[in-house]
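> The listed protein sequences correspond, in order, to chains S and A. Mapping of the first sequence onto numbering that gives the first Met the number 0: position 182 corresponds to residue 181, and the numbering continues sequentially without gaps. Mapping of the second sequence onto numbering that gives the first Met the number 0: position 684 corresponds to residue 683, and the numbering continues sequentially without gaps.
Possibly wrong hints are sitting among the right ones.
[Stated by the list, open to error] Calculated pairs, DMTMM-like style, for lysine to aspartate or glutamate (alpha carbon to alpha carbon, straight line, at most 20 Å):
no., chain 1, residue 1, chain 2, residue 2
1, A, Lys619, S, Glu660
2, A, Lys543, A, Glu582
3, A, Lys499, A, Glu374
4, A, Lys622, S, Asp601
5, S, Lys332, A, Glu582
6, A, Lys600, A, Asp80
7, S, Lys622, A, Glu597
8, A, Lys236, A, Asp266
9, A, Lys600, S, Glu298
10, A, Lys622, S, Glu508
11, A, Lys444, S, Asp395
12, A, Lys222, A, Glu582
13, S, Lys600, A, Asp395
14, A, Lys332, S, Asp532
15, A, Lys628, S, Glu597
16, S, Lys625, A, Glu572
17, S, Lys208, S, Asp61
18, A, Lys625, S, Glu572
19, A, Lys619, S, Glu597
20, A, Lys625, S, Glu612
21, S, Lys22, A, Glu572
22, S, Lys625, A, Asp395
23, S, Lys684, S, Glu660
24, S, Lys541, S, Glu582
25, A, Lys628, S, Glu612
26, S, Lys625, S, Glu660
27, A, Lys625, S, Glu597
28, S, Lys460, S, Asp601
29, S, Lys628, A, Asp205
30, A, Lys600, S, Glu597
31, A, Lys110, A, Glu149
32, S, Lys619, A, Asp80
33, A, Lys22, S, Asp395
Please keep in mind that the hints were generated in silico from the structure rather than gathered at the bench.
Each chain is listed here by its residues.
Protein chains: 2
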Amino acid sequence: MIRPELINPKSIVIVGASNNVQKPGGKILKNILDHKYKGQIYIVNPNSSEVQGFKSYQKVDDLPDQIDLAILAIPAHLCPDTVEILALQKGIKAFIIISAGFSEESNEGAKLEKRIVDTINSVGGSLIGPNCTGVFNTNYAGIFTTPLPEINPQGCDFITASGATGVFIVDLSMTRGLPFSSIYSVGNSAQLGVEDILEYMDETFDPDKSSKVKLLYMENVKKPQKLLKHAQSLISKGCRIAAIKAGYSEAGSRAAASHTGAMITPDIGVDALFKKAGIVRCYGRDELVTVASIFMHKELIGNQLAIITHAGGPAVMLTDALSHSEIEIPPIKGEKAQELLSYLFPGSSVNNPIDFLATGTAEQLGIIIDYCEKEFDNIDGMVVIFGSPGLFPIFDVYNVLHEKMLTCKKPIYPILPCSINVADEVNDFISKGHVRFPDEVLFAKGLISVYNTPKPQLHIKLPEIDKNTIRHIIDMSDNGFLAPHLVSQLLDAAGIPRAKEKVVTNENEIDIALKEIQYPLVMKVVGPIHKTDVGGVVLNVKNKEQLLKEFHRLMHIKDATGVLLQPMLTGTELFIGGKKEGEFGHIVTAGLGGIFVEVLKDIQIALSPVSLEEALNMIKNLKGYKIIKGVRGSEGVDEQIFANIIQRVSALLITAPEISEMDINPLLGTGSNIVAVDARINIQKN
Amino acid sequence: MIRPELINPKSIVIVGASNNVQKPGGKILKNILDHKYKGQIYIVNPNSSEVQGFKSYQKVDDLPDQIDLAILAIPAHLCPDTVEILALQKGIKAFIIISAGFSEESNEGAKLEKRIVDTINSVGGSLIGPNCTGVFNTNYAGIFTTPLPEINPQGCDFITASGATGVFIVDLSMTRGLPFSSIYSVGNSAQLGVEDILEYMDETFDPDKSSKVKLLYMENVKKPQKLLKHAQSLISKGCRIAAIKAGYSEAGSRAAASHTGAMITPDIGVDALFKKAGIVRCYGRDELVTVASIFMHKELIGNQLAIITHAGGPAVMLTDALSHSEIEIPPIKGEKAQELLSYLFPGSSVNNPIDFLATGTAEQLGIIIDYCEKEFDNIDGMVVIFGSPGLFPIFDVYNVLHEKMLTCKKPIYPILPCSINVADEVNDFISKGHVRFPDEVLFAKGLISVYNTPKPQLHIKLPEIDKNTIRHIIDMSDNGFLAPHLVSQLLDAAGIPRAKEKVVTNENEIDIALKEIQYPLVMKVVGPIHKTDVGGVVLNVKNKEQLLKEFHRLMHIKDATGVLLQPMLTGTELFIGGKKEGEFGHIVTAGLGGIFVEVLKDIQIALSPVSLEEALNMIKNLKGYKIIKGVRGSEGVDEQIFANIIQRVSALLITAPEISEMDINPLLGTGSNIVAVDARINIQKN
């Protein structure tokens with residue numbers, strides 16, 4: 000639980016504050032002072048009577064009561080006792096421990112850490128850290144690192160599981176003009192982790208005052224359901240979230256585990272969770288900062304951009320970079336386009352990219368933006384590329400850009416490629432609250448990531464299934480793979496079509512079976528174990544005459560007790576699977592069978608419960624999607640029905656969370672006729 | 000032709016030089032002076048008697064003879080006459096025309112441009128431009144843009160078809176510390192284009208003095224064979240080349256065409272050419288600068304890196320980013336690893352990434368690098384990640400890095416993520432001749448691009464084929480698709496196996512045919528047109544008894560004149576194609592047939608002639624490569640033989656350049672048995 004004292008402390012004690020600002024305990028006090036903290040500051044340092052102008056207490060026992068927040072920058076082994084005094088005797092309920100040497104280092108450290116957490120939990124307190132850089136927000140800079148970003152309540156809220164990575168991201172952000180509202184370095188997350196801070200941001204969200212942009216850096220996801228819930232909730236309230244989950248590869252996750260001592264998080268779960276929550280997944284610092292910079296602009300409603308440039312090359316590279324996405328650079332034509340052209344110098348082009356040449360002026364830029372904003376209905380947003388060859392200042396150009404960005408309803412993304420020639424102009428532009436994109440191709444990649452991230456699925460409606468039957472079967476079953484007839488019953492209860500089958504022992508039963516199963520048929524002798532060896536399987540039986548002839552032959556095979564009739568199925572090989580991934584819950588997989596899954600690993604995933612939209616997207620995102628649509632004269636597969644079966648598998652998993660793993664493989668599809676041919680279900684009750 | 004006067008002029012006249020340094024004509028003079036040009040400078044400006052301290056001639060007629068180079072910064076319409084006087088009367092043979100308003104703007108401009116080129120050609124002169132920013136090299140800064148990079152003869156040689164893009168790339172490079180040896184802005188390439196400058200660099204290459212790094216920015220490739228030849232040659236001399244060819248997408252190439260008025264270059268040709276030449280293809284400015292920065296380091300021999308870091312997060316992200324490539328972060332273990340660990344603080348890890356913690360010192364960094372250099376045989380290169388949380392200066396760390404980079408044989412790539420906290424340290428490091436990588440993930444992408452670019456294939460040996468027969472058939476053929484029997488003859492002459500076929504009319508002929516064609520067979524009646532309708536096709540004939548029985552039946556069909564015997568072929572569907580792409584020559588394509596090409600566009604390409612290594616790489620890079628290796632119990636396809644057939648197609652295309660297009664589809668492969676089943680060849684003689 001995050002207590003208000005952690006967020007907005009009226010008083011802070013820094014235990015281990017120092018006059019040496021090259022030490023964390025010295026620097027954190029300096030940062031708090033530089034940041035103009037308005038509350039009361041207390042200092043504990045046994046070696047000094049005065050620290051940076053403040054009276055220093057010799058020991059924590061001497062402190063007054065009623066201090067809101069304690070920041071500890073003392074050796075790890077001293078922390079547990081100190082916390083005990085502060086929490087139990089002095090009534091402090093909010094703690095930031097920046098000291099290292101805890102669970103990240105050794106078992107002894109882990110024990111110290113546990114003592115601290117137990118103490119703080121016993122008083123219902125909050126703990127950030129240990130092994131963190133601290134907390135920075137609009138109220139105080141309880142962080143020992145620099146650079147300190149300028150405070151902007153509408154800047155990014157940034158939660159990082161790595162202090163150093165946080166510093167590097169802030170450094171890069173500041174060179175781009177990306178502002179921050181808060182930074183939480185959670186360190187070892189001994190008590191409060193990334194998910195808990197996000198929960199707090201959700202629960203205290205104020206649409207008028209809270210920042211709408213959240214950035215996360217994580218190396219594991221300990222509480223996936225909490226992350227999912229609050230990310231979805233925040234996004235549904237108008238926030239945008241981008242996150243790095245480092246350690247997605249096997250090698251990377253090993254590196255992360257050795258670095259944090261944390262459990263390895265299954266990346267398939269992270270991917271599914273981020274998609275479901277609507278979190279834009281990033282893979283590096285530059286990408287995170289680029290996506291965050293895009294978030295600082297008005298949202299792009301639609302997919303059509305105008306590229307406005309005074310230099311051809313970057314516009315071509317940007318067009319290239321967007322060409323593999325759904326974002327379009329539509330042609331701009333017609334009377335109004337000609338009218339716009341008349342304002343530009345000879346040689347200019349308005350046919351998107353709008354190239355107004357190296358000699359293009361601020362005034363022309365303003366006119367172009369106005370036309371894109373007001374006259375061109377097929378334009379949803381603008382990218383303005385403007386640098387300088389260094390001949391003269393371009394304050395006027397960037398001022399026009401600034402003013403238009405304030406007044407236009409459509410988003411305007413500024414690509415400012417020059418940091419040396421027009422450093423002053425860029426800094427002036429940034430100082431007005433804007434963000435700079437230095438590279439058009441990296442911008443394009445970020446924009447595509449944002450565009451391709453689905454909206455969170457909040458009220459998911461699953462198909463109705465027979466829950467009572469399912470619960471009954473599951474409750475009666477032991478752990479392990481279910482018997483085939485129970486699998487069939489579960490599929491039936493979940494409304495998942497499967498290949499019809501009937502065991503017949505006489506001609507009368509054959510007549511009844513033929514009312515349900517159509518030719519061509521497959522016949523399999525029942526009884527003998529090795530059916531094929533004894534000639535007990537007949538394929539492609541096309542009529543009654545052949546059926547009866549084969550029936551009598553099969554019934555004469557030794558040990559035969561009956562004959563199983565199934566329709567002879569053909570169609571596109573599909574599969575649907577479900578697997579429990581710990582706290583993430585069930586991941587539903589779907590795809591094309593055969594070589595597509597074997598050779599191309601053509602599998603799409605979603606976190607259960609799977610909405611219809613998600614199921615349809617899974618299908619559309621398959622590499623072999625054209626097969627579903629039908630190629631080479633084949634009929635293909637009805638997407639709506641395939642999606643419905645994916646949803647039914649998800650509904651089955653929700654009803655029976657004891658299913659640890661299941662798969663329907665193959666599922667054969669021809670048009671709207673999609674049936675499960677084989678399925679396995681594994682139960683693991685705790 | 001590039002004349003020496005263009006590269007190293009003893010005297011320069013600037014026509015249109017001005018006192019106003021906000022104008023190109025004023026700025027170019029200022030740049031030449033700032034750059035400390037040692038030769039004679041002449042000025043022509045009718046409106047001033049003195050320009051920036053130099054006597055100004057009123058008209059070009061007044062100039063003395065024997066000036067080496069003329070730089071024109073005057074309106075386009077004045078250029079042709081001016082050039083005429085300078086070239087014909089004053090004997091000037093080297094020109095840089097920075098003025099715009101030529102072929103890039105209008106037909107009138109194109110005419111002016113042509114007059115200039117004709118004049119300069121008539122005296123055997125050289126022309127850079129028009130519509131360019133100029134030329135910068137160790138001898139002079141004949142360029143009107145800033146920033147001017149510091150000169151470093153071992154820096155990059157950079158040829159750009161877009162002046163503004165060149166400025167933006169130089170700006171970014173300078174913030175990273177990337178040095179330049181020369182910059183050529185070729186503008187409209189009216190006479191000299193990117194390829195010609197590269198040719199010059201190749202022909203004048205001095206292994207002791209010339210820069211080893213070449214960077215290109217192109218929007219079209221006018222002279223692909225020239226580019227290929229000299230890029231290959233330079234790389235074989237030890238150079239490394241990276242290039243952007245913008246306009247690779249359809250939308251992008253349209254944007255480039257509207258911007259330059261140039262022809263659209265087929266991107267498949269560019270891709271094949273870059274691969275063959277060994278040029279690292281880049282798609283954006285940041286990527287080009289990153290790859291160039293990698294080039295400035297010692298070459299990575301091998302594929303195993305040590306990541307040395309004082310911060311866990313970036314090391315994890317770097318490990319992730321490299322995980323999809325062949326570059327490995329191998330575990331570091333054993334006695335020496337334990338020895339190294341003893342030098343580091345508790346909690347450090349040496350099991351690669353080597354994490355020596357936030358408290359890690361310069362001395363420790365030096366020890367770690369020494370161990371990687373000398374003790375760990377499985378390490379081929381190092382990445383050092385070191386930033387700062389801002390507590391104290393880290394000059395000592397970057398000095399160790401600097402010294403080790405000079406002395407170590409293995410490459411050391413410095414990732415320096417902080418540009419604010421340790422700006423002075425970073426600048427000091429750069430000033431010592433190093434380059435900074437700010438982002439580990441973007442670095443990884445660049446390194447992977449470099450690693451994946453094949454070495455140029457210089458002395459390609461193609462299989463022996465029957466050239467006489469091929470030439471005879473081609474010479475006798477008209478334009479259009481060749482008749483099937485001629486296609487068969489060409490395949491035979493090229494040594495490309497095709498499905499055997501024999502027409503037999505009696506049992507004796509059957510015996511002869513069976514020496515060449517193995518069971519199972521396909522039998523087709525010869526004579527009747529609709530063979531299937533008359534029961535004239537028999538599949539899967541497995542033995543002599545069946546064959547004879549069916550033979551006699553088929554010969555009794557009305558109009559039967561014989562029976563065609565073919566082997567009953569099964570196997571993996573493959574294809575090989577060839578297509579002439581203008582001046583690029585023939586592009587050879589290969590891949591898997593069926594859904595792989597139809598659904599997944601799984602096609603690999605190479606520029607003919609195709610080496611064995613290239614052919615094998617084409618096969619290995621197929622998405623469906625696992626099919627070639629054999630999956631689901633299938634035998635797969637012999638890669639060496641498939642590659643040999645690809646080479647034979649290439650040899651056929653080299654022998655018969657009149658083939659505009661051909662394809663062998665399907666080509667059926669089972670193990671070493673790969674045969675063409677169907678083929679088409681189209682001839683287009685000029």
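> Find the hints from earlier in the document that the structure breaks and name them by number, from lowest to highest.
1, 2, 3, 5, 6, 8, 9, 10, 11, 13, 14, 17, 20, 21, 22, 24, 25, 26, 28, 29, 31, 32
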